[in-house]
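J.: Turn these sequences into a full structure, and let the hints guide you.
The letter at position 202 of the sequence shown is residue 470 when you use our numbering, and the numbering goes up by one with no holes.
Among the hints, erroneous ones may be present.
Stated by the list, open to error - Computed cross-link-like contacts, SDA-like style, restricted to lysine to any residue with a CA-CA straight-line distance of at most 20 Å:
hint	residue 1	residue 2
1	LYS495	ALA478
2	LYS303	ASP369
3	LYS310	ASN422
4	LYS360	TYR306
5	LYS392	ASP334
6	LYS392	GLU349
7	LYS360	VAL337
8	LYS342	GLU312
9	LYS310	LEU443
10	LYS310	THR449
11	LYS310	LYS273
12	LYS326	LYS273
13	LYS459	THR449
14	LYS310	LYS272
15	LYS310	ASP355
What the hints contain is simulated information worked out from the structure, not anything from laboratory work.
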Amino acid sequence: MKHKKEIIVAVLAILALFLLYFGFNYLKGINIFNKTTYYVVKFEKMNGLVAQCPVYVKGYKVGMVDNIVYDFTKPQSFTVEFSVNDDIRLPKGTEVSLVPDGLISGEALELIIPTDSITGWYAKGDTLPSSITPGMLNAVAEAVLSQLSPILSNLDSVVNVLQESLSRKQLQDILDNVDGTMANVNAITRKADRMMDRQLPQLIDTIQLAMNDIHRITENLSEADLKATVARADEAITEVKNLVAAANSEQGTLGKLLKDNSLYNDINHTVNSADSLLIDLKANPKRYVHFSLWGNNDKEKDKKK
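T.: What follows is the structure, given as structure tokens:
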């Protein structure tokens, strides 16, 4: 019993080491109590795959990458050892694909397991076929490059045609013209700057004077006797209304002229009488007019008789 304290310390130390080992592996995603089976796969490149990266089957984590060994003298430079849960058996034809694990979280392994025509099973430590699935950014970059490639080739062809069709002297003339144009643009810009420096203050003063005039006009309008003007306008409108009412009624002279039909009938009768008179005058002019070249001789003869 004299070594009881030493035994307790030793047991506690062993327990602490076990807990440390278990906790460290748990933080890395390794469950030491689960049995696993390891396999091997080879890749030409890693795209950022490291140890402890997950292994998925249809998006479900079933294992992790244990170790990566590289030999750059071989075409498939990287040999990856990974383990999966012991209850998962991989049939022949299973492919290990290097896939992106999200947009920015790194890479992972995806097991593509066939569901038909199973001819056998892989054993522990077997090497599985591999493939690489490009990420979203890589796919976008490849699509953009595939679209830009013909444009760049056409642009290169255009440049070659221009170089062949234009001589060195023509190119130099074009460059000289461009230089002259830029010099003119710079000169115009300087003149515009000087003009703005001289005329902009005057323009601002003119605008300020115009604003002051508008302000004075507004003050004069506000000080004007608008109420009296509106009252006079109301009186004029009232008089016009009274005049219209009198015209519509039959009491006044204007109303009688507009409403009574007797004036119209009298005027119409007078016009008809004048028309009859003109017709009779044209038909019997002698009845109304006596005209003779000898004056009034006939009348004198009648008197003598």
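J.: It remains to establish, for every hint, whether it holds in the given structure.
T.: The hints, checked one at a time:
Our distance criterion of 20 Å between C-alpha atoms is broken by LYS495 and ALA478, whose separation comes to about 28 Å. Between LYS303 and ASP369 the alpha-carbon distance is near 25 Å, which puts this suggested pair outside the 20 Å criterion. At most 20 Å may separate the alpha-carbon atoms for a hinted pair to count; LYS310 and ASN422 exceed this at roughly 40 Å. Restraint check for LYS360 and TYR306: satisfied, since their Cα atoms lie roughly 15 Å apart, inside the 20 Å limit.
Between LYS392 and ASP334 the alpha-carbon distance is near 14 Å, which keeps this suggested pair within the 20 Å criterion. For the suggested pair LYS392 and GLU349, the alpha carbons sit about 11 Å apart, so the restraint of at most 20 Å is met. For the suggested pair LYS360 and VAL337, the alpha carbons sit about 24 Å apart, so the restraint of at most 20 Å is broken. A hinted pair counts as satisfied when its Cα atoms are at most 20 Å apart, and LYS342 with GLU312 qualifies at roughly 9 Å.
Of the supplied pair hints, the one linking LYS310 and LEU443 is violated, its CA atoms being roughly 57 Å apart against a limit of 20 Å. Annotation: proposed proximity of LYS310 to THR449 is violated, straight-line Cα distance about 62 Å (limit 20 Å). This hinted pair does not check out: LYS310 and LYS273 have alpha carbons roughly 53 Å apart, beyond 20 Å. At roughly 53 Å between alpha-carbon atoms, LYS326 and LYS273 are farther apart than 20 Å, so this suggested pair is violated.
Between LYS459 and THR449 the CA atoms are separated by roughly 15 Å; this keeps the pair inside 20 Å, and the hint holds. Of the pairs offered as hints, the one joining LYS310 and LYS272 is violated, with about 54 Å between alpha carbons and a cut-off of 20 Å exceeded. The hinted pair formed by LYS310 and ASP355 fails the criterion: a straight-line CA distance of about 24 Å is larger than 20 Å.
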